[in-house]
Structures are given as structure tokens and as C-alpha cells.
Amino acid sequence: MSSGNLEIKSSGIVYPKKGTNTRRPYDHQLEAMKALDALESRDSPYSSLVVLPTGGGKTYTASTWLLKNALDRKKKVLWLAHRQMLLDQAAESFQSYSYKDIIPHISSYRFKIVSGSSNHCRAIEIKAEDQLLIVSKDSIGRNLSKLDNWLKGEEEVFLVVDEAHHSTARTYRKVIDYVKQRVPKVNLIGLTATPFRTAEDEQGLLSKVFTDDIAYQIGLKDLINKQILSKPVFEAYHTDETYGEELGLDAWDSIEHLDVLPEDIASQMAKSSLRNKLIVETYVKKKDVYGQTLVFAINIVHAIQLSALFNKAGIKADFIISNIKDSVTGATISREENERKLEAYKRGELQVLINVNILTEGVDLPQTRTVFLARPTVSTILMTQMVGRALRGEAAGGTQTAYIVSFIDEWAEHIAWVNPESLFNGNNEFDDTVNDQIQRDLRVINIAKVEEFASVLNEAVDTLALESVDFEKRIPVGMYTFNYLEENGMDLSYQVMVYDSTQQAYEELMQSLPKLFQEYQADEEYLPVELLNQMERKCRDTFFYGDMIPSYEKRDLINILKYYAQYESAPPFYTFEEIDRNKLDIKKIAQYIWDEDMGERKRKEYVDQIWDDNDDNLLRLFFGKKLYFLKQLDIERTKIAYPEIYEDEQNVQYSHLQNLDTLPLYEIGKIDPDKEKELRDQAFQKALGPDGLYHCQVCGKKDSSRIPFQVDHIVPLNKGGKSVQENLQVLCRKCNGKKSDT
Amino acid sequence: MDELYYSPLDMAFILYEMDLGERETAEFILDVWNHEKSFLLEKYRSNKLKFVLDTYYWSNYLADKEIIDGEFSKIQKDAKELGIPLSETIYTSDFSNIDTYFKTVRLKILYGKGNKFIRIKRRSLLKLYGYKRISPVLLDYFKMCLEFYQIESYVRGGVKKSIKDIQNNEMITFRVKENQEIISQPDKD
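In order, the protein sequences belong to chains A and B.
For the first sequence, my numbering gives the first residue as 346, with consecutive numbering after it.
For the second sequence, my numbering gives the first residue as 6, with consecutive numbering after it.
Since the hints were derived computationally from the structure, they do not count as laboratory data.
Heads up, a few of these hints could be off.
[To be verified] In silico EDC-like cross-links for lysine to aspartate or glutamate, where the CA-CA straight-line distance does not exceed 20 angstroms:
#1 B:LYS82 / A:ASP754
#2 A:LYS1046 / A:ASP815
#3 B:LYS55 / A:ASP754
#4 B:LYS85 / A:ASP585
#5 B:LYS137 / B:GLU152
#6 B:LYS79 / A:GLU864
#7 A:LYS947 / B:ASP69
#8 B:LYS55 / A:GLU804
#9 A:LYS976 / B:ASP7
#10 A:LYS899 / B:GLU86
#11 A:LYS949 / B:GLU76
All of these numbers come straight from a predicted model, not from anything done at the bench.
Turn these sequences into a full structure, and let the hints steer you where they fit.
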């Protein structure tokens, strides 16, 4: 990560800087500090959240407050985060603001950054004399005992959880509990920008960790209204360039996990004349709107090229780069030169200042109205820093509006580039009308449906069963929407679409999750792939069998299991009840075309009219592409014009089936889902005792849920047994396992 | 020879020209399916659903070619990422080599609501194919089409006459042959 001009080391001693901190906190930051002061004035320990939006300076607020209230009082601070870059960012903030006037009572303090990164220390290196520990949750979660010496004898410790909306994850809870068990007074402070972006269930979980609720909260809208932040306007320009066509696994890994572009691609992007032309022309066309602009370039070559092009186009521009000699270009720019250029920009003599990751923090350039994101990033933090450069509002010496301009390339491989708009999604403060909500929902649905729509177009994929169901049933009724942390620290946001066909199965699954995890003794935050697959199969066999169209997706269940493994709670469900399903029901549109007996031209006119309907754009948002819409409409027209046609086709499908009873139940389900359901239900019916519980036919284990049991072939298939009612019984997993071993 | 068989794209052209209502369109497609199977491209002869859906698709395509062409490359890209290959030739066309005149003549006469014949001057027919003068190659092609679709050409007075022998300014009347021979199935390859 770039860290301005400050080099971050993984451990050391920080001595107070001479002089006073020139950075004055804003009102909201002072208010947040006062709220923490109020908690601190109590004798008892506290657990509370501080909620400041992106650009609100939460790391700055917390670190300066902790310098004064913890480190200066010789109290230890344990700062937890889930990503290495967050650790560096926190360390940088502590070091930057360690002024004598903030920590007047101490001559120095020891710090250590601990994570799995080779740049950081290991947990084993933690020493009792370290006062500030900045630690990744996984590195300490696996080595909790390494905290023992550090905690020994402490009466009061400050425990900070950065990105605290994740603090309900199993490892965070484990660390928090561990510290609380060993120290009488643990002051827990959670920092987050978006604590309540999901449903109430999750809020409930969060309030269990932060029992004193929220100490201070201010919204993005408030900061914009106070003109501390400017209102972000997002613009995106497609470069029409494709990169990464021959991206190897290592290169992909380097981008996804280190945010480092492979040199060949970086060079290709930097030298692309069309891409650079687009960047410069975009600015030239709207130079009066964009005003003073910071451009984040890919590398030094890129910065130099862009600078030349901007100047050629009559825009006063320059670039600043690190004062280390660049090995590719040989360019060396001294710190003094950079300072001179920064001053020129501050005085308004430069319209555009180009940099390579060095203006992410540390330098104050409030007059910046626009940032050009000419480099993609997978890092939310880097994106926040880049965007943050333009967010300084008028009251803070900045601008009323901030233009966040992205240049989007096509990538042959899927890479989770961060969309700057997503940084603000959780706030939902700009567009909170029902209509906006519906539009957002439809966009999410559209993304989830693309695979289904594309499959219908592919002749090799059999989508007959899907096409046969009423279109209304193919509109999801809601979704499970959740975030969880991957083992590599990346945030994963996931949505599971739920249909009429799967709603009950999902509800039953959610209720059974505790039992499922107990049954499989799955008590780790990150489960092995093999176990996840076994559990997914169990869920499928227990809840998702029978004729279920649209059906469930294996990856959906796996992600729900991963979420539960982390949070020990079912993900929240979000309904689409605001969406007018009638308007999306193209069966009704097809029926109208039929009833009106429209000819080719009239039909086109009508279809265009509803497609172009600008009032709500529902169809456009749902289908995304007109071709998808027309294709589905044709299917519904066909069903009306030839009512028997789908039934006939399906009869043809089933006519060749024979000897189903020689197949395992799961395989039967692929061919005849109803048959599988019948056989499973019959087996469980036989196992149901008068007490209303299912009983294992061997050991007698009983339970109200089907989760602990499996349907077993009394005479195994490989010994001539058949998948028929008489040959099926219910056994608990243990007995079934024993039987398989013999 | 394959181009002489009816494809859903041909059907779309014919339907566009006929401008039938939704119900008559359905009826027309059904008639073709029921009675003209041997004239259809082979892959459609045993798949009514595909024949109907593809005919509808190409009707949409004629009306919205520009939009669909514009969207298709994006759809193709998304689909590829999802592991669903989509062939461009199945969903887009530049309409080259589309010749539906004789195909239309046959279906219009047999299943259209109008006359059971179609009249045209031989000169106008040549013009349709972009010719000003008689070309022996073109006349051979006309003859092949008429034989394939089992259409007979008549001149004034109801006299049956080979298209090759008809004068340029003569009016031709096309009728579908009664007691048609069964068209042989084309070879699979």
C-alpha cells in the first residue's frame, strides 16, 4: 500500500513529534471524541460503536483519541482488523499524530503490527512491553495464547475493532471474549462506516457485541449537509480496451490479493494511446465542470505520458512521483520538485495533477473537485483514499460537489475491481425513495438472472423445464443478502435469489442450520471445501429435492454455509414486495398481444412502448437486454398459441426413461425429481414414531429434524438392491457410516 | 440445395410481408409445420417448439436488428464468462443469400387467405433479382426453384409454359401443382 511519505515498519518505538498537531478535527470528529470521553468517564468497561461514513476520518478520530486517552495514560491498545492494509493504515495514523501535545505524559511507546504478511511480525513476537498492538484477526485468532503475557496483570485495555460490522464473525468474538476473560476492564470500541446496511437480524447480533450501542454516529448526508464532505457524482467511461486475455494464475493472484497489476499489462495500459486519449479528452470536454483534478495513474510511464498529453491539449498539468529512482524510466524526482508542483497545484497554476498512489493520504489538497481513476483497484481502502481526495466539502475548504470519474476497461478474467459507487452503497442516503429502492433491487435481480437468460439462448442447454413454468414463478420473491470475509481478508458480498419454488426449502434450511453445524461438528470460521460439499449435499437431500423450478444453486448453499460458519446466524432475508410483479409478468403481455390479435407492426409498436416506458423502467431493469426480454416473451407467446407444445416436449423427454429404480436417489432426482421426493418422503414417513420424531432404524437415535438422518438402501444398489420403497430405510449418519464401512 | 429449404428466417420474411395478426400467424406457422415438414431445414422437422420459437425470434430480429446486433456481442461476452457459449450465426444475420420469393409464393398460395395463385410479369421477376436482361443462369435457377417448390407457371389463357419459354413482357401466373409428388428427404450431410 502506498503510505504517502511515511514508511511503515512492523514494529518499533514511536517518539512524540515536536510541536503541535496542525490538523484540527472537524466538529463531528470532536463530537465523536466527546462521546468516547463520556464513556471513558465511567468506571465500568464499555463496548460501543463509532459510526463515521467514508471520508469522515474514523481512523484519524480513533487514533488521536486513543493516543490521548490510552497510550498517554500507559494503557495498552489492541487494534484488530481483518486486512493487512487496514493494519498499515492504522499504524500510519498513530505515528502521524503522535505529537507532544497529544501524548505529553509519555516519552515514547512501542508498537507492533502482527499479521500473516511477510512485512509484519508474527504473533509469537508479541512482547509484554508493546503498548500498541495492531493485529489481524486471523493471526491472533489462531494464536490467542500469545496474548497471555501481553495481557498479564493489566487492569484496563482498549480493544478496537476496525470495520466493526464484521465483529460478529466467530474469530472476532473469540478474541474479544478471550481478552475480556483476562482483563477486568476492557473498553471495546468498534469503528465502522456502515454498521446497519443489512436487515435487523444482523443489527441484533451487532448489539450483542456492542452492548453500549452506538457512542456516536453521523451519516454521509449529514456531513454533506454540513458541507464537510462534498456530494459525490459518479461518472464512468468505458475505454473499450480488453486486458488480461492471457492472465496466468500468478498474475491473477497478484491483482486479486495484492492489488498489483502485472508489469506487462500495466505497461500495455499505460501506453495505450486510445485509453490515454479518452482520459484527456474526457477532461477537456468538461474542464469547467471538473475543475482542479487529481489523476491516479497506473505507473510512472503512465503519469509521464498523461502529463504530456494534457499539456498538448492546452491543460496545465504535471505529475509527481516517488523520490526513489524509477528502474524502468530512470526518472528521478526529488521531494523538493514534488513540493514545488504541489504548491503550484494549490495556487491553481496547475489544473491537473497526476500521481501514482502517492496522493492517497497525507497531503492536503482541498480545492480538488474531481478525481480521475485511471487505474483500477481491487482495494476498497485504496479506492476510499483516492475518492476521498475530492470529498472535502465547502466548510472544510473544499468544493460542493465531487466528481468521481472512473475509466473502465474490459477484463478477460473476472476480477473484483472496486466500483467507487459501492463505497457509498451502505449509506443509502441519497436515494431513499421506494422507486429508487425498486430500481436497486431490480439491478441486483438482473445480475442474478443473466445466467438463466443466457442459458435459454444456448441450444446445448436444456431449459425446457424452466421455460415451462409460469413466468411469474421465475420472478424472485426475495433474496438472502449478506457479506462475509473470505480467508484472504476480502469482503464478499453475496445474494441468493429465492423463488416461490424454493422459499419453503430455504426457510427450513435456515431453521436447521444450528443442527446441521452441530451434526457435522463444523465449528471453525473457515470450513474445508470437502466438508462444505458434504453439508451442501445434505442440505440438498433434506430440503431441496423434488420438482423445484427455478431450483437452487449449489454455490448459493455453499455461500450460506460459509456465512453461517462465520456468524453463527442465518443470513437476513429481504423481500421484493415493493416490486410490482404484474408489470414484469410477460405472460400477461403475451396474452394481451394474443387478445388484441396484433400484427407484426402493431406488436412491435406495443412491445417498444412497454420496453421504453420511462416511468419505471421495470422491464429494462429486470431483463437488462431487449433480446432477453423478447426471447422470454416469445416463449410465453408460444405457450398461448400452442398450449400443448411444452407438455408434448416434456413427454418426449420422459418417454425413454426406464429402470429408474437401479439408480441412487440423487440420480433419480436429476431425471424425475418427483419420484425422488416420493421415495425420500416415504422412507422418512416409515421412520416417524408415535412421538412425532424420526428414529434411526438401527440405533434408535431420534430427532424432530431430518438433518441427522440419511436414507439408506437396505440391500445396497451394488448388491442388487433397488431404489424402491421396500428397500429404503432411515439411518443416522453414524449408523449409515458404519454400514458403509462393513 | 440447403438454401431452398425453409428456415425460420425465411418464415420471418414471409410473415413480415403477410403482416398477419397474432392468431393467424400462429395458424400459419402451424400449417407449415403440419403440411410442409419436408420443405423445412432438417433440424426443425422433428422439433416443433424450436421451429416456432426460432420463427418468432427472427421476426423480432427483422424488426429490431440494430438493437439485437448491438446487444449480442455483450450478451455473448457475459455468456462466455458464465461458461455458456453462444454462436453469433445462430442469433444474427446480415441477410445475405436470403431469397424468399419462391418460398413465399408457395406458402402464400397454400396457406394465405387470398388467391390460390400469384401473378407477375417475367420482366418484374427478373428485376426482383437485379437483372435487366435474360440470363440463362438465372432462368435455370428459376426453373430449379419452381421444380423444388412444385410450382407451375402459366401464361394467358391458362396455358402451362416453362419459365424459360415465357416472353419478358408476358404475365406469369404461378400455381402450386395439384397432386404433388413427395419431396425426397435431403441427405443428412
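Against the structure, the hints come out as follows:
With a CA separation close to 14 angstroms, the supplied pair B:LYS82 and A:ASP754 stays within the 20 angstroms bound. For the given pair, A:LYS1046 sits about 42 angstroms from A:ASP815 by alpha-carbon distance, which is inconsistent with the 20 angstroms threshold. Between B:LYS55 and A:ASP754, the direct Cα distance comes to roughly 37 angstroms. Violation of the 20 angstroms bound is thereby established for this hinted pair. Between B:LYS85 and A:ASP585, the direct Cα distance comes to roughly 18 angstroms. Compliance with the 20 angstroms bound is thereby established for this hinted pair.
Distance check on the hinted pair: B:LYS137 and B:GLU152 sit about 24 angstroms apart at the alpha-carbon level, beyond 20 angstroms; violated. Of the supplied pair hints, the one linking B:LYS79 and A:GLU864 is violated, its CA atoms being roughly 46 angstroms apart against a limit of 20 angstroms. For the proposed pair A:LYS947 and B:ASP69, the alpha carbon gap of about 14 angstroms is at most 20 angstroms, so the pair holds. Distance check on the hinted pair: B:LYS55 and A:GLU804 sit about 10 angstroms apart at the alpha-carbon level, within 20 angstroms; holds.
The suggested pairing of A:LYS976 with B:ASP7 is violated, with an alpha-carbon distance near 26 angstroms, which exceeds 20 angstroms. Proximity of A:LYS899 to B:GLU86 is assessed by CA-CA distance (about 18 angstroms); at most 20 angstroms being required, the pair is judged to hold. A C-alpha spacing of about 18 angstroms is found between A:LYS949 and B:GLU76, which places the hinted pair at or below 20 angstroms, so the restraint holds.
The structure shown violates the earlier hints numbered 2, 3, 5, 6, 9.
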